[in-house]
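The chain contents come next:
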Amino acid sequence: NAGVTQTPKFQVLKTGQSMTLQCAQDMNHNSMYWYRQDPGMGLRLIYYSASEGTTDKGEVPNGYNVSRLNKREFSLRLESAAPSQTSVYFCASSELADLRGEQYFGPGTRLTVT
Amino acid sequence: AQSVTQLGSHVSVSEGALVLLRCNYSSSVPPYLFWYVQYPNQGLQLLLKYTTGATLVKGINGFEAEFKKSETSFHLTKPSAHMSDAAEYFCAVKDYQLIWGAGTKLIIKP
Chain A
1 NAGVTQTPKF QVLKTGQSMT LQCAQDMNHN SMYWYRQDPG MGLRLIYYSA SEGTTDKGEV
61 PNGYNVSRLN KREFSLRLES AAPSQTSVYF CASSELADLR GEQYFGPGTR LTVT
Chain B
1001 AQSVTQLGSH VSVSEGALVL LRCNYSSSVP PYLFWYVQYP NQGLQLLLKY TTGATLVKGI
1061 NGFEAEFKKS ETSFHLTKPS AHMSDAAEYF CAVKDYQLIW GAGTKLIIKP
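Residue numbers (this note's numbering), protein chains in the order written: chain A, 1 to 114; chain B, 1001 to 1110.
A portion of the hints provided could be inaccurate.
A few chain A residues facing chain B, derived, Cβ under 8 angstroms [to be verified]:
#1 P8
#2 F10
#3 G40
#4 G42
#5 P61
#6 G63
#7 Y64
#8 L99
#9 R100
#10 E102
Since the hints were made in silico from the structure, they are not lab data.
The beta-carbon is built from N, C-alpha and C at its ideal position, and this holds for glycine as well.
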C-alpha cells in the first residue's frame, strides 16, 4: 500500500517548456487535489477532482491544466512554464469530497523554472 | 471567505518544554479545523482535527488542540517537546475548500 505517489521528485525546466506531473493513489479515494507550496504562503489549491470524471479550478489555476485519467490517477500539466511556477507541488487524495476527513499527501515534486 | 492566521513563522523551544503553536480563523459558521505536520522533504500528514463535539482534541505524537469558539482559535499544544517534533505545522479550516495557514516552523533546542 504505497498511498499517494508522485513523479518526478525533482524537475528543472526552461521558461516555455511543458511538462506533466503524475500522481496516483491506491486507497480507492474518490477525491484528488493538486496544491502548490511556496515559502510563507502555506498551501494553495490549483485544481481538484471531487470524483472520477470531474475537475474544478481551485485558488490558483492559471497556467495549469489537469486530467483525472481514472479513479487512481490525477495529472497536472504546465503547458508553458514560467519562473513564477517554481514551487513544490503536492498531490493529495481523500475518501470523500466533503473535506471533513483527512487528506493524504504525496511526497511532492520540487520544480524549478529558469 | 474564511482565513487562517498562524502567529509566528518560526517558534523555538527547548527539548522538554511546552510547545504552543497558535492558530486563529475567521468563520461565521461552525468550523471544521485541522492541524497537519510536514517533516523535512515530506508531504503533510494529519495531526488532529475538530469537527463537532468535544472541544479538546487529541492527536498523534502527544499533540492536542482546543477549539475556542469565543476566541476563534484552535491552538496546538504538547506538554513536552521532543527533538523529533522539529517540523513545520499547518492549521487549516474547511470552507468550500481547505483554507491553509502559512505554517509555523517548530525548532527544538537541545
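The hints, checked one at a time:
At about 14 angstroms, the closest approach between the beta carbon of P8(A) and any beta carbon in chain B exceeds 8 angstroms, and the interface hint on this residue is violated. With its C-beta approaching chain B no nearer than about 11 angstroms, F10(A) sits outside the 8 angstroms limit, and its interface hint is violated. Checking G40(A) against chain B: minimum C-beta separation of about 5 angstroms stays under 8 angstroms; hint holds. Hint status for G42(A) relative to chain B: holds, with the closest Cβ pair at about 4 angstroms, below 8 angstroms.
Given hint, P61(A) at the interface with chain B, is violated; its Cβ is 12 angstroms from that chain's nearest Cβ, farther than 8 angstroms. The restraint placing G63(A) at the interface with chain B is violated, with a minimum CB-CB distance near 19 angstroms, outside the 8 angstroms limit. Interface restraint check: Y64(A) against chain B, minimum CB-CB distance 16 angstroms, threshold 8 angstroms, status violated. Because the closest C-beta pair between L99(A) and chain B is about 5 angstroms apart, less than 8 angstroms, the hint holds.
At about 6 angstroms, the closest approach between the beta carbon of R100(A) and any beta carbon in chain B falls short of 8 angstroms, and the interface hint on this residue holds. Because the smallest distance between the Cβ of E102(A) and any Cβ of chain B comes to about 4 angstroms, under 8 angstroms, the interface hint for this residue holds.
In terms of the numbered hints stated before, the structure departs from hints 1, 2, 5, 6, 7, listed from lowest to highest.
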